[in-house]
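Engineer: Sequence:
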Amino acid sequence: MSLSQQNAIEQNLQNVREKIAAAAQLCGRSPEEVTLLAVSKTKPASAVEEAIAAGQFSFGENYVQEGVDKIAHFAGRQPALTWHFIGPLQSNKSRLVAENFDWCHTLDRLKIAQRLNEQRPADLAPLQVLIQVNISDEASKSGIALEDVAELAAQVMAMPNLNLRGLMAIPAAETDYARQLDVFSQMRDALKALQAICPQADTLSMGMTDDMPAAIAAGSTMVRIGTAIFGARDYSAKP
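Using UniProt numbering, you'd call the opening residue of the sequence shown number 1 and step up by one each time.
Because the hints were derived from the structure by calculation, they are not lab data. Everything numeric in this text was worked out from a predicted model, so none of it was measured. Don't be surprised by glycine CBs; every beta carbon is placed ideally from N, CA and C. Hints should not be assumed to be uniformly reliable.
As the list claims (entries may be wrong) - Derived lysine-lysine pairs resembling DSS-like cross-links, with alpha carbons at most 25 Å apart: (1) 111 x 141; (2) 19 x 93; (3) 111 x 93; (4) 93 x 41; (5) 141 x 192; (6) 41 x 19; (7) 41 x 192.
Claimed, not checked - Cβ pair distances, simulated, as ranges: (8) 195 x 123: 29 to 35 Å; (9) 189 x 30: 20 to 26 Å; (10) 80 x 172: 33 to 39 Å.
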């Protein structure tokens, strides 16, 4: 990686952190309440290395094998990195997620929860999981309906190797701030309802580059930012 690329990632991270702080302060929240998840999918380990050098230690991956390879590459690093799986999860890939990742954001059916619970190694801490909600009811998106959250949550809470931490959503693309805020507010209310049966649910994973301010205003605790940190992606190189 060239020095200019290295400096770009460092500067981009600083810019994103400043935007998070500004959005949080605007709605009376502390910036420390919002975790920045750097989405490193399709990006090489060298780009992750530069983000680490700039103080970023939480990373999101959409593709299982690519994520596993990066986790292995950075194993043993101090301070330890936290790896989040944020892509759709197929049954045949659940073992790799259970054995390697710290978090899974895309739990949307009982079968996957059962597999992750059974496949999580006994020597690892429970897998931190989020239930994905299809908040915009898009046929092309994974996730469950809001009215189905409580049932799946109760099932997951009975699994000893999973720790239900909250909810995740990827709303339909929307440029109007007020409409973004309305959708994200539905997720905030859903988390509050979940907390009535699952007090440890403290995480709302929502907000990306184009809708982060509205997500933070609605109560997001974790924003997933990729392009604004690492630059445009080349999907032709996807594994």
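Engineer: Hint by hint, say whether it matches the structure.
Structural biologist: Quick rundown of the hints versus the structure:
At roughly 18 Å between alpha-carbon atoms, residue 111 and residue 141 fall within 25 Å of each other, so this suggested pair holds. Of the pairs offered as hints, the one joining residue 19 and residue 93 is violated, with about 35 Å between alpha carbons and a cut-off of 25 Å exceeded. Our distance criterion of 25 Å between C-alpha atoms is met by residue 111 and residue 93, whose separation comes to about 13 Å. Simply put, residue 93 and residue 41 have alpha-carbon atoms about 17 Å apart, close enough for the 25 Å limit, and the pair holds.
Between residue 141 and residue 192 the alpha-carbon distance is near 23 Å, which keeps this suggested pair within the 25 Å criterion. Under the criterion of a C-alpha separation no larger than 25 Å, the hint pairing residue 41 with residue 19 is consistent with the structure, at around 22 Å. Our distance criterion of 25 Å between C-alpha atoms is broken by residue 41 and residue 192, whose separation comes to about 31 Å. At roughly 30 Å, the beta carbons of residue 195 and residue 123 sit within the given window of 29 to 35 Å.
Separation of residue 189 from residue 30 is about 21 Å and conforms to the stated range, judged on CB atoms against 20 to 26 Å. Between residue 80 and residue 172 the CB atoms are about 35 Å apart, so this pair conforms to the stated range of 33 to 39 Å.
Hints 2, 7 from the list above are not met by this structure, while the remaining hints are.
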